[in-house]
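**Student:** Each chain, letter by letter, is given below.
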Amino acid sequence: MDEVTTVAELPYLLAYVALAVFVIAVIARAVMWARLPMHVRWELYPVAHEPPEKVEHGGSFMEDSEWWKKPRETSATGELKVMIPEILFLVAVKEHNPTLWTRTFPFHFGLYLTIGATALALLAGVISAVAPSALAGGAGELVRWLVLVIGVAGFVLAIIGALGLLHRRLSVRSLRSYSAPADFFNLVFFVVAFGCGLLTFFLVDPDASKAMAFASNLVSFELVAVPGNGMEALLPTASVVLLSLLVAYVPLTHMSHFVGKYFAYHAIRWNDEPNLAGGPQEAKIQALLSQKVSWSADHIKGEGKKTWVDVALENPAVEEDK
Amino acid sequence: MNRRVNLKTFSQGDGPLTHVLPEDQLPLPPPFDKIEEEPPIAPLADDALEKFVALDDTITLNIPKPKNAAEEAKLINAFLSGLRKLFSAADNWTFLQPLLISMEHCARCQTCSESCPIFVESGENELYRPNFRSEVLRRIYYKYIKKASTWTHGDIELNWRTVARLIELSYRCNLCRRCAQTCPMGVDNGLLAREIRKIASQEMGIRLKELHEDGSMLQMKVGSSTGMNSLVLKDNMEFVDEDTSEKTGIEVVTPFDKKGADILLMHNAGEIMAWPENVGAFSLLFNQAGLNWTMSSEAPGYDNINYGVFYDDVQFARVALQHAQIAKKLGVKKIVLGECGHAHKALTVIADRVLTGDMNIPRESALTVMRDIARSGKIKFDKSRNDFPVTLHDPCNVVRLMGIVTPQREVLNAIMPEGRFREMAPHGVKNYCCGGGSGFAIVGGHNFPSWRHHLTGRRKFRQILEAFADEEWGPEHHKYVCAPCSNCKGQMRDIMNFYKANEQGLYYGGLVELMVNAMVDANPGYVDWEWH
Chain A
5 MDEVTTVAEL PYLLAYVALA VFVIAVIARA VMWARLPMHV RWELYPVAHE PPEKVEHGGS
65 FMEDSEWWKK PRETSATGEL KVMIPEILFL VAVKEHNPTL WTRTFPFHFG LYLTIGATAL
125 ALLAGVISAV APSALAGGAG ELVRWLVLVI GVAGFVLAII GALGLLHRRL SVRSLRSYSA
185 PADFFNLVFF VVAFGCGLLT FFLVDPDASK AMAFASNLVS FELVAVPGNG MEALLPTASV
245 VLLSLLVAYV PLTHMSHFVG KYFAYHAIRW NDEPNLAGGP QEAKIQALLS QKVSWSADHI
305 KGEGKKTWVD VALENPAVEE DK
Chain H
2 MNRRVNLKTF SQGDGPLTHV LPEDQLPLPP PFDKIEEEPP IAPLADDALE KFVALDDTIT
62 LNIPKPKNAA EEAKLINAFL SGLRKLFSAA DNWTFLQPLL ISMEHCARCQ TCSESCPIFV
122 ESGENELYRP NFRSEVLRRI YYKYIKKAST WTHGDIELNW RTVARLIELS YRCNLCRRCA
182 QTCPMGVDNG LLAREIRKIA SQEMGIRLKE LHEDGSMLQM KVGSSTGMNS LVLKDNMEFV
242 DEDTSEKTGI EVVTPFDKKG ADILLMHNAG EIMAWPENVG AFSLLFNQAG LNWTMSSEAP
302 GYDNINYGVF YDDVQFARVA LQHAQIAKKL GVKKIVLGEC GHAHKALTVI ADRVLTGDMN
362 IPRESALTVM RDIARSGKIK FDKSRNDFPV TLHDPCNVVR LMGIVTPQRE VLNAIMPEGR
422 FREMAPHGVK NYCCGGGSGF AIVGGHNFPS WRHHLTGRRK FRQILEAFAD EEWGPEHHKY
482 VCAPCSNCKG QMRDIMNFYK ANEQGLYYGG LVELMVNAMV DANPGYVDWE WH
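Those protein sequence lines, which keep their order, are chains A and H.
In my numbering, each number is its position in the first sequence, counted from 1, plus 4.
In my numbering, each number is its position in the second sequence, counted from 1, plus 1.
Derived from the structure by calculation, the hints contain no laboratory data.
Hints may contain errors.
To be verified - Restricting the straight-line Cα-Cα distance to at most 25 angstroms, the calculated cross-link-like pairs of lysine-lysine (DSS-like) are: (1) H:LYS9 with A:LYS73; (2) H:LYS329 with H:LYS259; (3) A:LYS85 with H:LYS431; (4) A:LYS310 with H:LYS222; (5) A:LYS73 with H:LYS379; (6) H:LYS52 with H:LYS9; (7) H:LYS68 with H:LYS9.
Unchecked claim - Covered stretches of chain H, going by a simulated chain A footprint (3 or more residues, C-beta under 8 angstroms): (8) 181-191; (9) 307-321.
If you're wondering where the values come from, they're calculated on a predicted model, not measured in any experiment.
Think of the CB as a built atom: it goes at the ideal place given N, C-alpha and C, for glycine as much as any other residue.
Bound-form chain A, shown alone (with noise of 0.2 angstroms):
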């Protein structure tokens, strides 16, 4: 009996998987992204990175003459000053679309409280693991009161938020109406899970021992069984399962957007590189215009046999006189 997984280790094994997911997912999604080939400029002004004096009207490196000449200036504060809070508070939804913005924000904040939280437990396990004087008394006291307040502010945010993303999902005709049912059912997932979380917390966890524990045996991969019996035992376990279940389903989900907005803001938005003359990028492209295109409308008729240079250079209004 020893060797079969009991019920006791399940939510720890559910943990462990839904974090290998969880990692797996977002790094195979961000290697696709970066693997993608290199695309025609297609940026989009204001450029965060442009110096602060052109940031301020949206202008670009094309404002001044000959350019190409100068150094490139480019600020990395100038991309931090616009992506953190963005990441954080979610200018842009305030900005444009400030109703929808009272809603979602409560939301991710949450999520991001909710992860501040877990994260927290994990460390104070970790730490106690290595040096388990390190958070007796005071410290483990603290600690544990930290992840107890943040843990149940970011579930309640996170669930008013879901349920005002829900409520005006359904409510507003333009929304529903482009709405599949994923879209409903992810939100419906995360107040479930959340809901479950809040519950244990209030009921049979107040001052976060259950969830320190269970975080320093996770880290420890001490899988013992959740103390006490009945809904002592059972609300514990089911919001471990449903978390674990819903950490691993957000990355292969269209909610995987954490990953792709990088992409879209520093390789699409914020990608204004110019490609000099003897530059790093005349190869890649030299590459990219050697690949074939199988293209079938008259003028094109690339039929998998022309490449991009041999199309470019072709010319039909010509060709067609002959």
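Chain H: place on chain A using the hints.
**Tutor:** Just chain H now, kept in the frame of chain A:
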């Protein structure tokens, strides 16, 4: 007919899916605020509705209705074949990453809707919601190419109507990308509209005649989409030089084919035909500033247009290469693009990752050159000659898509008296399209101009009226809309004609004309307020 289009009805029924009626639209500001006096969108002819696929109040592409099941299947299969190629790294390396981001990450939150002037001015007609066509495309892709679950991505019926209407719908977008600016995820509906146009053109041979046969093909055949060959160009430019000399009192000779010049100036050849005063002003200004410059008389070096940027990557690459080859042959140090927005973006930004080696000749906007001239002090300007209200239109391609915002304002500041400039709201990178973007300004089939005036051009016209709200109206009260872009000027001309705006003192023109109008050495009155 149910005027409420949705993702289901899009695939159903014959005939137009919707109409925009006068009561759907908001009145314009004074003195054009009597919406009851505005004519409705001109109706389509019955035979056009009989023969071609109809989507709404107008038709652009003349897609014939299939006569039998085989023709229906052919249309659907060709579209799906093109759609597959759109996601191939070899066939669509040019836009694959932006395309995938826009396909995969839309949260269907409709944040983009309010940014679209067509959607808003239509009275929020669902068909023109920027995400509507994107969502149709997405659902077709996921259901019929990826074979993904409709539970996750939504359902859509695919038949010949869906395909034909989607392609027609791709020509209800100005590709201004204002919606992309507002998307929190970076989804770009303008890009998706253009990708649909690409499937239609590159795979199915369906595109606007004005952009293809009369556009890029004619340009590659004779040198210009105006039909002007090299000889006619030289003749026309002689007239332009003569006229400019006579008007300004300064002898102007436009240099041609000067090897080793610093600058190859490339105009939109439409300027030579429709607004010769723009081309003449450039020749005078560049000569007076002592620039070492030239124009090319070799086809298509005298026409900077590149309509491929609106519908077809291959046509785009062909024209860009031909432009670069001419500059290379002349051995110029840089190409300067005249007042033409799409040509700016085409050759400076998009072609940047097409041109390599000795074809990678630096390209620059004329606006920065004009700014440098204004700064240099080589030419004296009398600001009092431009003592009338001026507002500035920001061409999307130059401003939102290239970030060239301040040079044109600096020029205006140098040549106008203080207090006469009226900034539009919003302006700069948040501007609205003139309404002629993505080729619309040159589309004249059926009743398209009427549809354009009511929907795509209305927001810009509204902005112009708001910018001049404190001015007096009437023919004697001159007000100048400065639009440094050929396409935008074409749209300004058409919409101002439609509303007889010249009777209220409105006039449009480029930026360089205002510079010459203020040149101390030139005769006064270059801007003559004559309606063109």
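**Student:** Compare the structure with each hint and give your call.
**Tutor:** To see whether the hints hold, each was checked on the structure:
Taken as a hint, the LYS9 (chain H) and LYS73 (chain A) pair is broken in the structure, with Cα atoms around 55 angstroms apart against an allowance of 25 angstroms. A threshold of 25 angstroms between alpha carbons decides the hint, and for LYS329 (chain H) with LYS259 (chain H) the separation of about 12 angstroms falls inside it, so the pair holds. At most 25 angstroms may separate the alpha-carbon atoms for a hinted pair to count; LYS85 (chain A) and LYS431 (chain H) meet this at roughly 20 angstroms. Simply put, LYS310 (chain A) and LYS222 (chain H) have alpha-carbon atoms about 22 angstroms apart, close enough for the 25 angstroms limit, and the pair holds.
With a C-alpha separation of about 23 angstroms, the suggested pairing of LYS73 (chain A) with LYS379 (chain H) holds against the 25 angstroms cut-off. Between LYS52 (chain H) and LYS9 (chain H) the alpha-carbon distance is near 24 angstroms, which keeps this suggested pair within the 25 angstroms criterion. Taking the CA atoms of LYS68 (chain H) and LYS9 (chain H), the gap is near 23 angstroms; set against the 25 angstroms cutoff, the hint holds. Coverage of the region 181-191 of chain H by chain A holds in this model, with 9 residues showing a Cβ closer than 8 angstroms to a Cβ of that chain against a need of three.
Coverage of the region 307-321 of chain H by chain A holds [criterion: at least 3 residues with CB-CB distance below 8 angstroms; count 4].
Of the hints listed earlier, the one the structure fails to meet is number 1.
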